[in-house]
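*Asks:* Top line first, the protein sequences correspond to chains A and B.
Going by my numbering, the letters in the first sequence line up with residues 2 to 159, in that order.
Going by my numbering, the letters in the second sequence line up with residues 1395 to 2009, in that order.
Calculated from the structure, these hints are not laboratory results.
Don't be surprised by glycine CBs; every beta carbon is placed ideally from N, CA and C.
Hints may contain errors.
What the hints assert, rightly or not - In silico lysine-lysine, DSS-like type, Cα no more than 27 Å apart, as pairs:
1) B:LYS1807 - B:LYS1790
2) A:LYS39 - A:LYS144
3) A:LYS48 - B:LYS1974
4) A:LYS39 - B:LYS1543
5) A:LYS151 - A:LYS48
6) B:LYS1680 - A:LYS151
7) A:LYS110 - B:LYS1422
8) A:LYS144 - B:LYS1680
9) B:LYS2005 - B:LYS1974
10) B:LYS1600 - B:LYS1818
11) B:LYS1989 - B:LYS1958
12) A:LYS12 - B:LYS1958
13) B:LYS1600 - B:LYS1419
14) B:LYS1545 - A:LYS39
15) B:LYS1974 - B:LYS1958
16) A:LYS48 - B:LYS1543
17) B:LYS1543 - A:LYS91
18) B:LYS1609 - A:LYS39
19) B:LYS1543 - B:LYS1818
20) B:LYS1600 - A:LYS91
21) A:LYS110 - B:LYS1600
22) B:LYS1680 - B:LYS1712
23) A:LYS39 - B:LYS1521
24) B:LYS1777 - B:LYS1874
25) B:LYS1600 - A:LYS39
26) A:LYS12 - A:LYS110
27) B:LYS1712 - B:LYS1609
28) B:LYS1712 - A:LYS48
29) B:LYS1400 - B:LYS1609
30) B:LYS1712 - B:LYS1807
31) B:LYS1790 - B:LYS1664
32) B:LYS1600 - B:LYS1422
33) B:LYS1680 - A:LYS48
34) B:LYS1958 - B:LYS1819
Claimed, not checked - Sample of chain B residues lacking proximity to chain A, with all beta carbon distances greater than 10 Å (derived):
35) PRO1441
36) MET1497
37) LYS1511
38) THR1599
39) PRO1633
40) ASP1678
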Amino acid sequence: MQKSLHINADKCTGCLQCEMACSYEHYGVFNTSKSRIKVFEFHDTGKKVPYTCTQCSEAWCLQACPVDAISLDIITGAKVVSDDTCVGCKVCTISCPFGTINYVQDTGKVQKCDLCGGDPACATACPTQAITYVDADWTGLDKMREWADKLGNQNSSN
Amino acid sequence: MSWAGKLLRVNLTSGTCISEPINMKWAKEYLGSRGLASKYLVEELDPKVDPLSAENKMIWATGPLTGTMASTGGRYTVVTKGPLTGAIACSNSGGYWGAELKMAGWDMVIVEGKSPKPVYLYIENDKAELIDASGLWGKTVWETEPAIKTKHQDPQIRVSCIGRAGENEVLYAAIVNDLHRAAGRSGVGAVMGSKNLKAVAVRGTKGVGNIKNPKAFMEATRAGKAVLAGNAVTGEGLPTYGTQVLMNVINEVGALPTRNHQGVQFDGAKDISAEAMATPRASDGKAHLVTNQACFACTIACGRISKIDDTHFSIENKPQYMNASGGLEYEAAWALGAANGVNDLEALQFANMLCNEDGFDPISFGATVGAVMEMYEMGVLTKEQLGIEAPFGSAKALCYFAEITANGVGFGKELGLGSARLTKKYGQPDLSMSVKGQEFPAYDGRVIQGIGLAYATSNRGACHLRGYTIASEVLGIPVKTEPADTQGKPELVKAFQDATAAFDSAGICIFTSFAWTLADVAPQLQAACGDEFTVENLTTIGERIWNMERDFNNRAGFTSKDDKLPKRLMTEAAKTGPGKGSVSGLEKMLPEYYKIRGWDPEGRPSAETLKRLGL
Chain A
2 MQKSLHINAD KCTGCLQCEM ACSYEHYGVF NTSKSRIKVF EFHDTGKKVP YTCTQCSEAW
62 CLQACPVDAI SLDIITGAKV VSDDTCVGCK VCTISCPFGT INYVQDTGKV QKCDLCGGDP
122 ACATACPTQA ITYVDADWTG LDKMREWADK LGNQNSSN
Chain B
1395 MSWAGKLLRV NLTSGTCISE PINMKWAKEY LGSRGLASKY LVEELDPKVD PLSAENKMIW
1455 ATGPLTGTMA STGGRYTVVT KGPLTGAIAC SNSGGYWGAE LKMAGWDMVI VEGKSPKPVY
1515 LYIENDKAEL IDASGLWGKT VWETEPAIKT KHQDPQIRVS CIGRAGENEV LYAAIVNDLH
1575 RAAGRSGVGA VMGSKNLKAV AVRGTKGVGN IKNPKAFMEA TRAGKAVLAG NAVTGEGLPT
1635 YGTQVLMNVI NEVGALPTRN HQGVQFDGAK DISAEAMATP RASDGKAHLV TNQACFACTI
1695 ACGRISKIDD THFSIENKPQ YMNASGGLEY EAAWALGAAN GVNDLEALQF ANMLCNEDGF
1755 DPISFGATVG AVMEMYEMGV LTKEQLGIEA PFGSAKALCY FAEITANGVG FGKELGLGSA
1815 RLTKKYGQPD LSMSVKGQEF PAYDGRVIQG IGLAYATSNR GACHLRGYTI ASEVLGIPVK
1875 TEPADTQGKP ELVKAFQDAT AAFDSAGICI FTSFAWTLAD VAPQLQAACG DEFTVENLTT
1935 IGERIWNMER DFNNRAGFTS KDDKLPKRLM TEAAKTGPGK GSVSGLEKML PEYYKIRGWD
1995 PEGRPSAETL KRLGL
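Starting from the given sequences, assemble the full structure and let the hints guide the process.
*Replies:* Given below as structure tokens:
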């Protein structure tokens, strides 16, 4: 069974534990500027939204890479950048419709979410379950359940 | 480690920015943030300096846990000699700015001198420079932060700055970061304004990577977060209701000061409570509270984001206040509301937004308005002087005063003096509800005896964050003590004061202490910094910091005579509630407190005490 990162922005408090967990997992340092997941804060509405790669099946980044530096991890479904192969041309950053593959000045390569090999640190660190790692076929299950509850016709509770 | 290991010394007079290594001996003895910055201040500053002169210094400081995954590890403090009190001032703030400074590779920024013209300090990792801020002078906090981000074409810059209150040296001006988090008390913003320093803008991309034992640190911080999540206050009460959960609780125990401390229960408390914030309004069917918000690394998330009713009189034709923004915390709701008898939630939020927008402390401001309203009702101040009729309960007067304080228009200039100077000016010094010139927060010190002693002995003037004995006396954390008892309170106050100094100096939020003791903090610090930070050592560090601050104040001219409460709390008994008939028993507690502290009857640390603490 493949799993997907599932984001429920309504639960995000903006604490950035996910960003620190991500940078620590990949670079051994607490550094939000190096995180592959980013929390965006919309001050005028109070919204906080974590955002990262959704691992498209037909990944634009993978298709666009001229040196085949991005490959599919068949276990997790993640599209993974090989640092050894990446030449830092940034074509993938242009092709990605969502902006979730990014250039890193320090390394001269691009980086993106690799699902931490199947145990995403951001989901583990999130204190409010705004980020969860769930069955890839059923990322909407929670929402379905919530709406399904509104349709209930048993009157036992009344 | 986990200290960045260096500080930035900025001299505004000469325009220089120099990197210096942190004194690691001091870091081991004073930890960081409040403790370490205070150590630098007392070593470098003549305690007698005029707080608003070029000779005063100010220090922005992070702690060893700032910028890490330790829950709430995003705090920073601003330490200086405070203009409201003349005592050492240390104001603590959350948001994201502190972590950004640490990630840029700095533990602290020491600012000296006075710039000949308005400037702001821009820090990008190792690079630091002073930049002309003449175009920003006269701008609010909410205008300054976006302007700096736009100028540097970097939306990820974090800004700690003053609004017009700081520029105009309102004596309780705050320093605001991330639009609505503030180093709020003691007038640290006025010191910044006096130095012609508008902002400290930071962008840090280096991160915090020098954790001593990363594996143990991740385990210790995970365990700490589990404790916070499982605790009723930090896991449920604060995230759901914010600190405002206290409004009805404190009113019920009869310790909610109202109408300038004339009363101890406010009949309008329910109208301005957390529950009221969450209830849909009649006008538009929406709740005042929009959502909660965490500061950096915080797994509690007590912050409030609120939205004023679009139809409220305070924001008529003022679309800039119609968005969601930082909402009411308990202290602000009390000071702007209960302290003045105002029960209009929307008006309180409007005044609160102005405090954030222009950078001034809602506690001291609200309490000053309370004193003004009492003087108005007595006929000491008139409508002509004030520009408005200002009886207790007037939401219109509250909003009007909030609009004229930062810019010093009309009576606003006098409001900016704070209640101690203002009441003295009009011949009513006993009407200032303050200690050492700083106004009380939201708990009545004659009904809850321990907090009264904590106010009287706080090193930065009246304050709830220097020894929050309410935890014990009302909430039963870690053990319940009776509010009316004076016995045992000196020990309680000392224990809270010392532990708080250690929490503050670690770079974490004091709200963790609803669930954590130092036994929860020690493993995190030990993994990050070194094995020596045991519970015993942290307690000693806290006590050392407390005595160091006290010694600075003594040398600044404070004596035991300044460890006092206003006459009202000593002689006018509480009229209602469970504490009816009660006055403060300070005179019973204070000598005992000095004794336990190892101070002489004049409140001076004895030679033996200083030696024991390595001072």
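*Asks:* Minimum Cβ separation between LYS1511 of chain B and chain A greater than 10 Å?
*Replies:* holds (30 Å)
*Asks:* Confirm or reject: MET1497 of chain B is not an interface residue toward chain A, with every Cβ-Cβ distance exceeding 10 Å.
*Replies:* Nearest chain A Cβ is 6 Å from MET1497 of chain B, so the label is violated.
*Asks:* Verify the proposed pairing of LYS39 of chain A with LYS1521 of chain B, using a straight-line Cα cut of 27 Å.
*Replies:* holds (25 Å)
*Asks:* Compare the distance between the alpha carbons of LYS1600 of chain B and LYS91 of chain A with 27 Å, and conclude whether the hinted pair is satisfied.
*Replies:* Holds, because 22 Å separates the two Cα atoms, which is no more than 27 Å.
*Asks:* Does THR1599 of chain B sit more than 10 Å from chain A, CB to CB?
*Replies:* Non-interface label fails for THR1599 of chain B: nearest chain A Cβ at 4 Å, not farther than 10 Å.
*Asks:* Quick one, are LYS1543 of chain B and LYS1818 of chain B close enough, alpha carbons at most 27 Å?
*Replies:* Violated: LYS1543 of chain B and LYS1818 of chain B sit about 43 Å apart, past 27 Å.
*Asks:* Tell me if the straight-line CA distance from LYS1543 of chain B to LYS91 of chain A falls inside 27 Å.
*Replies:* Given that 27 Å is the threshold and the Cα spacing comes to 25 Å, the pair holds.
*Asks:* Decide if the proposed pair is consistent with the structure: LYS1680 of chain B and LYS48 of chain A, CA atoms, cutoff 27 Å inclusive.
*Replies:* holds (16 Å)
*Asks:* Does LYS39 of chain A pair with LYS1543 of chain B here, judged by a C-alpha cut-off of 27 Å?
*Replies:* holds (18 Å)
*Asks:* Can the restraint linking LYS39 of chain A and LYS144 of chain A be considered satisfied, given a maximum Cα separation of 27 Å?
*Replies:* Holds, because 23 Å separates the two Cα atoms, which is no more than 27 Å.
*Asks:* Quick one, are LYS1777 of chain B and LYS1874 of chain B close enough, alpha carbons at most 27 Å?
*Replies:* Outside the cut-off at roughly 47 Å; violated.
*Asks:* Going straight from one Cα to the other, do LYS1600 of chain B and LYS39 of chain A come out at no more than 27 Å?
*Replies:* holds (17 Å)
When the structure is compared with the earlier hints, violations turn up for hints 3, 7, 9, 10, 12, 19, 24, 26, 27, 36, 38 and 39 and for no others.
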